[in-house]
Amino acid sequence: MEMPKVTRRTFLKVSAGSGAAAAAAPRLLTAMENDLGGKDFGPVSGAERKAIPVNCHVCNIQDGAIAYVENDRVVKLEGNPEHVSTRGRLCAKGNSGMWYSYDPDRILYPLKRVGARGEGKWKRITWDEALAELTEKLDAALKEDPNTIMLKYGRNRTGGSIDRFMKTLGSATVVNHTSVCESSKKIGMEPTWGPDIETPDFANAKYVLNFGSNVLEASYFHNPLSQRVTEGRVDNQMKIVTFDVRLSNTAGFSDEWIPVFPATDGAVALAIGHVILREDLQDSDFINNWTNVTVAELKEHYKQYTPEWAAKISGVPVATIERIAREFATTKPATLFTYRGPAKHLYGSYNEKACMMLPIMTGNVEKKGGYCLPRGMGWPQPMPEPGKPAHDSVLAHPPEYPLAAHKVSHLVPFWIAEGRQKINVYFTYQDNPVYTNPGSMAVWGKLFKDEKLIPYLVSMSPFMGEETALADLILPDCPYLERWEPESMPNSLWPWLGIRQPVHKSLGESRENRVLLRDIIHNLDPDGKRGMKQFWDFKDGEDYMRHHFDNVPGLKEAGGLDFLKKHGVWPIYGKLDPKTGKVSDKTGREIKADYGLYLKELSAADMAGATVDGKGIISKNGKAIGVRREGKNCVGFPTGNRLINVRVDQWADYGFNPMPTFKRIPWHEAMKEDELILSTFKLNVHKQSRTAAVKWLAEIAHSNPAWMNPETAAKLGVKTGDLVRVESAVGHLVTKAYVTEGIHPKVVSIPTGFGHWEYGRLATLKLKDKKGEYSHGADDPDLNNVWWDDKGVHPNNIIPVVADPIGGSQGWYDTVVKVTKAGPNDKYGDSEGNWEKHVAAYKETMRYAYTGDLHRKMHPEMAAWAGPDSVKHKAGGGH
Amino acid sequence: MLDTVFSIERANGTYAIPDEIDAGQLREECLARASIYRLLAGVFVEEPSRELLAALRDEALLGRLSEAGVRFAPDFLASGLDELAETLACEYATLFASSGGFPPVESVRLTGRFKQEPNFKVSQIYREAGFTLNKGRFEVFADQLGVELLFVAELLERCAAALGADQSVEYRRLEKDIKRFWTQHLGLWVRGYCRLIGRASNHSFFREMAKFLGGFAEEEIAAMGLKRLEDIDMGRVVVPKSEIKVEFNPDEPVCGGCPPATDKPAGGVHKLHDLRF
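If you read the sequences in order, they're chains A and B. With the first letter of the first sequence counted as 1, position 676 gets the number 676 in my numbering; the numbers rise by one all the way through. With the first letter of the second sequence counted as 1, position 220 gets the number 220 in my numbering; the numbers rise by one all the way through.
One should not assume that every hint holds.
Computed cross-link-like contacts, DSSO-like style, restricted to lysine-lysine with a CA-CA straight-line distance of at most 30 Å [as the list claims (entries may be wrong)]:
(1) A/K388 to A/K505
(2) B/K176 to A/K695
(3) B/K227 to A/K505
(4) A/K137 to B/K211
(5) B/K135 to A/K112
(6) B/K135 to A/K50
(7) A/K446 to A/K687
(8) B/K211 to A/K566
(9) A/K312 to A/K687
(10) A/K533 to B/K121
(11) A/K76 to B/K176
Quick caveat, the hints were computed from the structure, so don't treat them as lab data.
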C-alpha cells in the first residue's frame, strides 16, 4: 500500500479543519495539575502517598490542608479540596509547614538552664526530672497565691486546654497577645454589633472600601479572602479602593490606592459618612429598624465631620472623599474591610467604629455582596470543668482599661516591674514578646532577665525563640503537624469545624501541649486528692478530641471525630469544581451562602414566655432574645439589645464618646518638619516571628529595608541601599533605605519578621568565628546554598508602647521618628532600645487611660462626664 | 561511591578468609573493634555516664588512648567524677542537644533536617538485621551517631560469633553488611563531623574523642578497603560563596540597592525583580 506523502504544509491544512473531529476523540489522559488535589504519588515509587487532612497552623488563618506522608515523613503539603473556605489552596507559608517538624534547631528534650539567663547554656534532663522540678516550684507558688503563677500565650489554638490548666491551678493570671494583634478592631466592633470581625462578601460585591488591610498578603483571612477578592475583581468587575500609607500588593491590586496620613483613616471614614448622610444616600430603613439611633440623630452627629475637616487631617482631597462616598453609597452591593491600618493607633477603637459605620448606614449589612457577620462553630469541653479562680488578676484585667476585653498584654512588663502583682512561676506558650512586642528586648528582655521579677520562667516551645532563650526550663512542645487541636475559624460565609491531627510521630521527646499540661497536673496531684486530676482525665490528644467532637449534633451522625480524621473538616458542602475552583453542589452550581442572619425568625418555643417592648425588643428571662420588625420575630444581632449599637452607652460611662468619632494623635499634630511616622507591615511569606527559620520562605524574603518616599529621600540625600539611622524617643536602629513612590511622604515603613537574634541558624545566620562558639549551624549542610547574608533589622526595639484607652491595643503605627543618613559610628543592624525611655513612654500612654489626666483633655465633648470616681469598675465588653 | 558499592558486590562469592590470618585472631580483632565502637557510641549517644567516665579515666586506658593520640586536658583529668559528669552533660547539651548546636544525626548533617531519608534507610537496615531501637535515658533517632556506631558494634560481635562457630559464609555476609553500612551511612558524614566537633568543643573530652573517632573512621575505611568514599559532610565552618550554586548573583544587594544602570550584571545570573522583598 502506498502511503500518502504528507508534508508539513499539507498536514497543517488538514489540521485547520480538524478541530471538531479532534475534539470528539476521547480524552483519556489529563495533565496531573488539572486534578485539584487530594492525592499524591511518590515520584520514584509511583505509590500513592498517605494523605492526612489537617488544619494549617503556620499562621492563624486555619486553612484546610493535606499532609502527604511517606515512611512517617511529611513530604508535601497542599490544600484540602474539601475545605469550604480555602478550597484546596495553601499559601507559600502553608506549603512550607513541614520545616517546623524537621528544623535542625528544634528542641527535642526538656532543657534546664545552667548558665546565666540568656547565656545559652543548657542541660538536657528527663521529663521526670523536669516535672519534678516544676512541681516543686508550682507547689510553693500555690501555697503563697495561685495568681503568682502566670501564663502568657501567643498563638493559642488549644481549644480551651490552656484556660483549663490555669483554672485547675486556680490562677487568673492568664494573659494573651491580642493587644499587639488587633484588639482595638475587636473592641471597635464587639459592642456595636456583637462579633469581633466581619466577613466581607468580596466575591459578590461590586464595590469595596479597604481601610488598612493587606488581605492579599496577610491579615485575617488572607488565603480564603484573597481568593474571593480576586473572584470579585475578575468575575464581578468589583471596584476596590484602598486607603493605606503604603502601596501594598492589595493596594496595587485595587482600582485606587489613596495614601492617607497615618492614623487618620477614621477621619476619612467619618467624612465619607458625612457626605452620605448629607446627600441622603443612607439606608434609612435599616438605620431606623436595626440600630439604636435614628437617621436624624445620625445626620446631626455627622454634621461635624466635613470632608474639608478630614482633608486637612488626612491629606485626602475633598473631591476624592465626596466621590468615593457617592460611589460607595450608590453601588450595590458594597462592602468594607479593615485590618490593622485603622485599629493600631492610640484611638484605634474609634477608627474601627468609624469605618464599620459605612456599611451600616448604607444598609449593606448581611446582604449578598455586603458586610456580613462572621460564621463559626463551637464545640463542647470535656467534663468536668474547673471553676473560675477565686481572685482576679490585675495583669489580666487592669482597672485602668475596663473596656479592653482582650487585655493589654504589652503593658504587663511595666506593671510587673512596678510590683502590681508578684510572679513566682511564668509559663509561656507560643509567644515571643521579647521579639514581637513594642520594646522587644529592651522591655521584655529586661523583664525576663530580672530573676527577682520573674523567678522561674518556663517555656513550652519547640523552638529557641528570643523568649525561650531566656527561660529556666524548656518543655519541648510539638509543632502543628504533631498535635491534636479543634478548629473553627470564620474565614468564609460557610461555618465549619476542623481538626489538626498528628501526621507523623512526634520527634524526640516532644509532647503536645495538652498532654504536657496533663502531665504537670498529674504530677501535682498524683492521687487526685487536690481535686485537680479529675479535670485531666484523658488518655491522649485523640481521646480529648473525642470529648470535643463525638457529640456535636450533625457531626455525631456523620461519624464524629472519625469523620474529621478522614476529612479534616465538617460539613462538606459540595465538591470543588476543577474548572471554576469553587465549591459546587450536586447540580454543578456553586453552593449558596445564607445571608440575613439577623432576620432569622425565632421559633414558637423561643417566643414562649417572651415579652415585646414598645421598641420591638423581645425579651425572655430578663434577656433580649430578638427584635420584632414588620410582624416578624427576628433574632437580631448578638448584642445585649439585639440591635446594632451605633451609640455605645458603656463607653460613655468611662468618659469616652459613645458615638462614632475621631481623635487625632496629639504627638502627630506636634510633629516637626523633619520627622516621620514609623509603620511596620508583614510580607506575604512571613508572619510575625516564626517563619524566619523556614528556609523556603527565608530564601524568598530575608531582609527588610526601610521604605521611603523619593521626596523624603531627596531631602535627606538618601538613595536606595544607603544606610539610614532611624531614631525614636526610645531607641534607634540602622538599616538600608528603599526609595519608592509606594509610600506616604511622611512615613517610613519597615517590614517585620526579620532581624532575629535567636530562633535558629536560618533566622540568625550567625557565623561565629571564635573557637568554642561555633553555633547556629555555621557549617550546616543545608546552609550550603543559603546565598544571602542579610537577615534584616528588627524594628520593635525602637517602638514605644501606646495603649488605646478603649480597646487596649498597641499603637504600632504611632511612632514619630527622625531619619538621617547613617553616621560613621552607625552600622547596619544596630537596633537598640532603652528601658528607662520605654518606661517614660508607658507612663505617658497611661495618661490617656480613663483614669489619666489627659483623658478629659482629649474628650471635651464629654464635659458632662463626672470623672473616673463616678463609675463602678465593670467587666469589659466583648466576649 | 557507586564503584565502592559495586566492588562489594563484585567480591560476592569470591571472598575467603585469608590463609595467613588466623580465624581466632580475626575474631579477637572483631571483638576489639566492637569494643571501640561501643566506647565511642557511649560517648556520643547520650551524656556520658559517671561509670563511662570512670572507666575512661582508668590509668591503663588513658595510657593506651594517649598512644593513639588522644590526650585529655586537665579539665577531664583533674576534676571529680560527679563534677565532670555534670560539666560534660552541659557540654553535651550545648554541642548536640539544643538549638544552635550540631545534632549528631546523619539526616541533619547530610540534608539539614531531622528525620529525613537516612533515618528511614538505617531504620530499615536495622530491621532487616533483626534489631529494634530501644529508648535509653532519652529517645534518639535511628541515624544518631551513637546508634549507628552501636549497630556496627553489634554486627562485629555477630562476626566474632560467626567466626567462633566456623560460619565463614555468615562472617563474610556480615562483613559486607558493615562495609555497606559504612559506604552508605557512617562514611559519608562521620569524618567531617568529627573535625567540626574537634574544633567546636570547649571541653577536651569531646574534642579528643571526636578526634579519636575521626582517626578511627579513617583507619576503618582504609582497613575495609572502601575507596573513593566521599566525605560529604566535610565539617566546614563556612562554605565559600564560589561553591554555592545559585541562579542569582549572591553578592547582589538584597535591599533593592542595585548597581547603577551602567554596571553590567554578573555573567550568567538572573537578577531578581527590584521589589522582590
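Right, here's what the structure says about each hint:
1. A/K388 to A/K505: violated (35 Å)
2. B/K176 to A/K695: violated (38 Å)
3. B/K227 to A/K505: Between B/K227 and A/K505 the Cα gap is close to 38 Å, so the pair fails against 30 Å, i.e. violated.
4. A/K137 to B/K211: violated (42 Å)
5. B/K135 to A/K112: At roughly 21 Å apart (the allowed maximum being 30 Å), A/K112 and B/K135 satisfy the hint.
6. B/K135 to A/K50: The given pair, whose Cα atoms are some 27 Å apart, holds under the 30 Å limit.
7. A/K446 to A/K687: The hint holds at about 24 Å.
8. B/K211 to A/K566: violated (51 Å)
9. A/K312 to A/K687: Not OK: A/K312 and A/K687 at ~35 Å, beyond 30 Å, violated.
10. A/K533 to B/K121: violated (42 Å)
11. A/K76 to B/K176: Violated - the C-alpha atoms of B/K176 and A/K76 are around 35 Å apart, more than 30 Å.
Hint compliance for this structure: hints 1, 2, 3, 4, 8, 9, 10, 11 are broken, all remaining hints hold.
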